[in-house]
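A.B. asks: Put the complex together from the two separate chains, hints included.
If you read the protein sequences in the order shown, they are chains A and B. Per the numbering used here, the first sequence starts with residue 1, numbered consecutively. Per the numbering used here, the second sequence starts with residue 1, numbered consecutively.
Treat the hints loosely; a few may be bogus.
To be verified - Each computed DSS-like pair below joins lysine-lysine, with the alpha-carbon atoms no more than 30 Å apart:
1. K47/A - K254/B
2. K47/A - K2/A
3. K17/B - K254/B
4. K17/B - K146/A
5. K485/B - K47/A
6. K485/B - K413/B
7. K436/B - K413/B
8. K485/B - K436/B
9. K253/B - K17/B
These are calculated hints, taken from the structure and not from any lab test. The structure displayed is predicted, hence computed values, not measured ones.
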Amino acid sequence: MKIRIRFAKLGRVRWTSHRDVARMWERALRRARLPLAYTEGFSPRPKLSFGLALPTGCESSAEYLDVALSEMVEPADLTATFSSLLPDGVDVLAAQVLPAGMGSLQEEVTSCRWEIDVPQLGPDALTEAIARVLGAETLSVTRERKGRPVTDDMRPSVLALSSAGPLGTGSGLVAELGTRPRGVRPSELAQVMGVELGRARRTNQWIERDGSRWEPLATPAADAAVWERAS
Amino acid sequence: MTSLWPRIEPLLAHVTKPARYIGGELGAVTPEHGPGRVAWLLLYPDTYEIGLPNQGLQILYEILNERADAVAERSYAPWTDMEAAMRAAEVPLFSVETSRPAADFDILAFNLSAELTYTNVLNLVDLAGVAVRSSGRSATDPLVIAGGHCAFNPEPMADFVDAFVLGDGEEAVGDITDVVSRWQSQRAAGDDAATREALLSALANISGVYVPWAYEPSYGKDGRLSAVSARAGIPEKVEKRTITDLGAWPYPKKQLVPLIEVVHDRLNVEVFRGCTRGCRFCQAGMITRPVRERPAAQVERMVRDGLDRTGYDEVTLTSLSSADFSGIEDTVSSIINDPECSGQVSVSLPSLRVDAFTVGLAAEIQKVRRTGLTFAPEGGTWRMRQVINKLIREEDLYSAVDSAFSQGWRRVKLYFLIGLPTETDEDVLGIAALAKSCVEIGRRYHPNVTVTASVGGFVPKAHTPFQWFGQNTMEELRRKVNLLKDTVRGVRGLTLRWHDPQATAVEGLVSRGDRRMGAVIESVWRAGGTFQEWSEHFDLALWSEALEASGLTFHESVYRHRDEQEVLPWDHVSAGLHRDFLWQDWQEALAEHGLEDCRWTPCYDCGACTGLGVEHVVASSVAPAGGSQGTGQDLDSGGMVPVRFLATPKAVLAGAAAEAAR
Chain A
1 MKIRIRFAKL GRVRWTSHRD VARMWERALR RARLPLAYTE GFSPRPKLSF GLALPTGCES
61 SAEYLDVALS EMVEPADLTA TFSSLLPDGV DVLAAQVLPA GMGSLQEEVT SCRWEIDVPQ
121 LGPDALTEAI ARVLGAETLS VTRERKGRPV TDDMRPSVLA LSSAGPLGTG SGLVAELGTR
181 PRGVRPSELA QVMGVELGRA RRTNQWIERD GSRWEPLATP AADAAVWERA S
Chain B
1 MTSLWPRIEP LLAHVTKPAR YIGGELGAVT PEHGPGRVAW LLLYPDTYEI GLPNQGLQIL
61 YEILNERADA VAERSYAPWT DMEAAMRAAE VPLFSVETSR PAADFDILAF NLSAELTYTN
121 VLNLVDLAGV AVRSSGRSAT DPLVIAGGHC AFNPEPMADF VDAFVLGDGE EAVGDITDVV
181 SRWQSQRAAG DDAATREALL SALANISGVY VPWAYEPSYG KDGRLSAVSA RAGIPEKVEK
241 RTITDLGAWP YPKKQLVPLI EVVHDRLNVE VFRGCTRGCR FCQAGMITRP VRERPAAQVE
301 RMVRDGLDRT GYDEVTLTSL SSADFSGIED TVSSIINDPE CSGQVSVSLP SLRVDAFTVG
361 LAAEIQKVRR TGLTFAPEGG TWRMRQVINK LIREEDLYSA VDSAFSQGWR RVKLYFLIGL
421 PTETDEDVLG IAALAKSCVE IGRRYHPNVT VTASVGGFVP KAHTPFQWFG QNTMEELRRK
481 VNLLKDTVRG VRGLTLRWHD PQATAVEGLV SRGDRRMGAV IESVWRAGGT FQEWSEHFDL
541 ALWSEALEAS GLTFHESVYR HRDEQEVLPW DHVSAGLHRD FLWQDWQEAL AEHGLEDCRW
601 TPCYDCGACT GLGVEHVVAS SVAPAGGSQG TGQDLDSGGM VPVRFLATPK AVLAGAAAEA
661 AR
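So that you can see chain B by itself, here it is in the shape it has in the complex (with noise of 0.2 Å):
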């Protein structure tokens, strides 16, 4: 098939960054296309620096094409020049591996991690040449797929996107390699029953693919959700796939490192998947149960060979919250110690947990490039903490922090949520009085620390705890903002970040929408709302206007609490997580009642692991040391200033020591 390369290259001299859109990364493939292998382009809709890094869409790439049946190749939104310049040369959407057009494959499959980037989806389907709508495309279209996080509410995109696959990708995309492949051969030999249908309905028959043209959702009187049936041989709720061993996926094997910068521009090795913490405000958390941790070996091997492939100089030890690996000492002084590294490897820690032990371990690991460490203790009071079941304690806080400020990081950063469930002004009040104490506590080694707080509103997600609330209004948020701001005004070394409310209303708009949302989003789109998770981009009014001539508003989709009897629009799919798990868990939260992580205490049945068959795979019968949660230490002490603090950072650094000199 002809490469458009003659034609993209003229306009690189006229865009920001051209070589975002010329490939030759290491480790990128170019595969042979041909009859017999269903062609797949991956697609992240946002731009390539943001895209290329994705995990889940390496994985799958290099899973599709290890097999003999499929190729796969990968593009990413074009920025704004990019886009102008295209559609003004009639360049279509293309691959960056072999500049192949788009609707040359077979499927467009998208990587969906943000509700802001639906619009961007719509328009690459667009820019492809292929109908935005999965109504308008016949059985010589691509099919457009899409996974990741925001697939767990597919409705708001279900006009768009032909299948969703909800869960784990490694498995389900062979899957529907074998069923695009074996229509396909039907098609080439004349068959009148290999339809666009009879493809949608077999693919609705696929573990984990949800297929929206084969359910069809009915509204009441009162204009809400009432029901969603699906079609005669249709199952009637989607389950989730789950891979049950991470060991058998050891994936990327290689990495794609890019030739310009990116973010989390490192070596990323996955050492668990899934979490059990149980902090009910994380959709990533409830999702992704149960925990399976790839084994320790495994993760050294990845670390070594991946470095040794890439010339990265810093590995990222990714999940959800990676001090709870088990033996993460050992794994970690195993590279670190690795003569072949020579001392100049750093490896870091995403979501570090809140205590002096990750302090010491990060103390540990990152001999070098030592900028700054960030927490995320999400609530300002103890009780707010309980209601969200983040269970830290203060005195967890300041000994991270006092332990970060005595061992030479200069700048801490804070991670908190406003707009929570049952919060007060206190609770707000609380965040600055937190990083303010910790201002303090760093003047004590030095005179010029910074503490940066981080504050976002919170969006309540699908199959959460929380899918019930009531997101709080974009004028509330910025109320809450300005009391944060008013307060922490003048404070030297404290520096207060904030999410634009507005934003946080769009997100609530379309994480929890049903599907009446889709006609939102093409307005947005067809009005020019690209990049709308790019401040300079994001413009409320398109949305306010959309939302208003679609009869929809901000009260009755985002603002209002949902009872216990209302049909949720993702009640038909399913992430293992059992309805009365959650309300059970929400009604919890409302009496402040936290729950210890169930890795190592008795089951609360949220209907993960049962589901599955399988337990959490730990390596570990004994919960890591340090911590307040889930390692038996008295939460009733929660809400107590620490007259001095727990662990001392020296004793830490000694017990590593002895650990890697053993």
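Pulled out of the complex, with its shape left as it was, chain A reads as follows (with noise of 0.2 Å):
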């Protein structure tokens, strides 16, 4: 069976990377002594799919996590049981028994939600940005991949955007980025817009499919404390 984890990525912990975070999940696993299902071979570990890789220094309340167990468990233990055994600012939001048969969180998200702080940008000047950005045909940037610059078109993933007013001495920004045919970074949207990126938080990651859509794993509830807790 296999179970899903949502967790938070919030405070310090955001300079981890996304290696680091599946290391400190294997640990808190070996540890919560959960029957854990292993890989075969002569290098076994145990079986474990992250979803989308979340930028190191970003936040986010929308991380997931699928663990293969060789036994039964009652998920709703997981919550208590994780929070003490991961480092500060890693949080269990929710967990749940998956149903057979569904698809790998990377193959099935479709776009995330991000609340991105714009220091030094006032909102109507973030308003100006977002029509400018919205406005364009296309949307060119140029990455590093393997050693070496490669540049192609954002646009298509830049699903939506909307300024979430005065913030600090900047503002708020809200961005909808899609995850095909590749996962756009708030550090690239910031770069097209050009603005400089403060604090990124991914607050949803979302699965769209015959006009519908939903999270992998909700937790209104526990988003609202979690966001609490972390201003």
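C.D. replies: Listed below in structure tokens is the structure:
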């Protein structure tokens, strides 16, 4: 059987990488003494699969992990168990048994919602920048891939942008960014908007199909609580 | 005190591996600073990934934080990108726990494990905003202290370090805390006698603590060191500290588990300290004597608790030669057969002894992740190995390698040294011959095996029988490496790796330098020479220029043989070894005589036990099975190539299985 866990990554721990988070989970799962299912072969590893990588430095309240188990466990118990076994800032928000035949997180998620702090840019200037980006036919970004610069158009992945109003000395930006053909990072969005990137938090990962959309695992109540603590 | 975090965090978005600077490890503490508490900042002068796992610092971290009158935090060398960002933003060096400025601590305590990190020590002191030279510090500045193996020749760092701790630090850090605490109370009470000099003088009277300020070197007409004299009221010779009962110090109890990947990223449990194999090139084996084993029951408890606490699935039983731990088989089998571990825990033994017994043991414990095995024959011929007292017979190596390949390993790594005393080209070529034979043995079991021969240039170290030896020049080492490269070229399955001979020369410079080497280290640092143990940053030109400016040469400092009468820069500090013993052992080496392990043979009177009034603490009065060293096997047969192998792995495994079933 598989269980799906939704967790948050907030505060200082945001400076760790996706791989670091995977290792934290491996250790925490062993400490929790869950009946993990292991891969076969010379180098058995627990069968874990994480969703879309969260860029180092970004926060999130919508990270997912699927864990394969060799025996049944009660997912309701997991939330409390893990929070003490994981580093500060990594908190379990929800867990549930995954029905058989579900696709992998990587395959299913179609877009992510981000809340991005844009310091030193007032709400009016931000509204202008948003209009400019949404009105553009193409948005080319250059990034490094396997040591070589690659340029592509990220406009198709910018699904929605809106201003969240003033925030400190700057303003807040809400963005929905598609994951296909590739996931666009908040830093790339900041680059094409010509703004400085402050804190960026992934608040949701969405699966959209046949005109409706849902989250891999929703946690409306827990969400709010975590945000209160983080701010 | 203020946390620098709000000024640090904006820098993190622009540096590689930002999590190096955030702390948050499992086991880390957030100590409360305050009056009456001596604040220690424990520093490792290299990156977080290399420094964090250092067990010495972790032990002291816990011991200090357990005390009511001390607090300890940690810091590491920021990588070059972070250093540039910090200097640009005027952010000083800070602790990873509370982001507290380094200069707010009372003591900056460095671990010195490698000579090429010395320029980083200067850089960290400077980043802390503290004067780099001891003479430039006042009573309001932190004390800069250092410990670790390199402290056994403290002189190259004597201008920068206020006090060195020689030997085991467990007790010494408490004594230092007491002295500093008393001195601080005096100062707080307005006592004019509580000067920086008074503090240094008090520290110099702690056993095992060497305060360079209290010792004055003088030089003869020939430009060489002629004497080192102590100030009045200061001991003439500083003896190292030794804890006699390792069982009384079950640390670390809470090994730090980092958030990011580091070297040695697993549980480490020290099973014994000290080594009496007597390898003459090995400084660690000489300066940590005598052997002190941890009780097996305590080892097992530390492993069980440690795995439970950390979630690691791998444990290393650490020591200088863990297969020599008494009852190693019982200990290992109790770990891997622990039902709690459910067969998913792997145990590793560093520095495997070269014999089939050990491989049998390795096979038993590495049921999972059987990737590669490493052996260290060190010398290419039996003659060479007698000189260095690494008494491994060719047949021991071949049976070990045969045993490894036959049990499923595909990769074997062999460690060798070149530039050893009396070495001839024949000895160097012997390395290639041994490695080739190992490939042939492997091919009997699998068509694609790899044998990696890793070749390091030998650097003579203080307090070893080879301390008088003139190191090979970098050109000679280069020639020997080329000789090997030519010989193994085109041999399928054999890979040769070598250490940069230029770096070896610089290590030699610092390893046996006297106090004048300090100016060289400082010049290299001032010219930007940090992270010198990283090949992409190592720069021989910086060292050559600094050396020339100081009027010193590689020939005088590194390549020259020393004679018995010469005053050595470290003669006034003692690792417990008699100078006579070391000289005698040097002569034995030149005569190609090996000495067996003294744990199970009569005493050679090296001085380590008698000086301390202790004996080797070993649980077993008989030598472990297998191996040729100290086990009564016939060493005269060492030069012979075997016709058949000594141990069959199946028999070894059957033995271990019977043991487990009992």
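A.B. asks: Work down the list of hints and note, for each, if the structure agrees.
C.D. replies: Okay, the hints, checked on the actual structure:
no., hint, in the structure
1, K47/A - K254/B, "holds (28 Å)"
2, K47/A - K2/A, "holds (10 Å)"
3, K17/B - K254/B, "holds (25 Å)"
4, K17/B - K146/A, "holds (18 Å)"
5, K485/B - K47/A, "violated (43 Å)"
6, K485/B - K413/B, "holds (17 Å)"
7, K436/B - K413/B, "holds (12 Å)"
8, K485/B - K436/B, "holds (13 Å)"
9, K253/B - K17/B, "holds (28 Å)"
The structure is inconsistent with hint 5 alone, although it conforms to all the rest.
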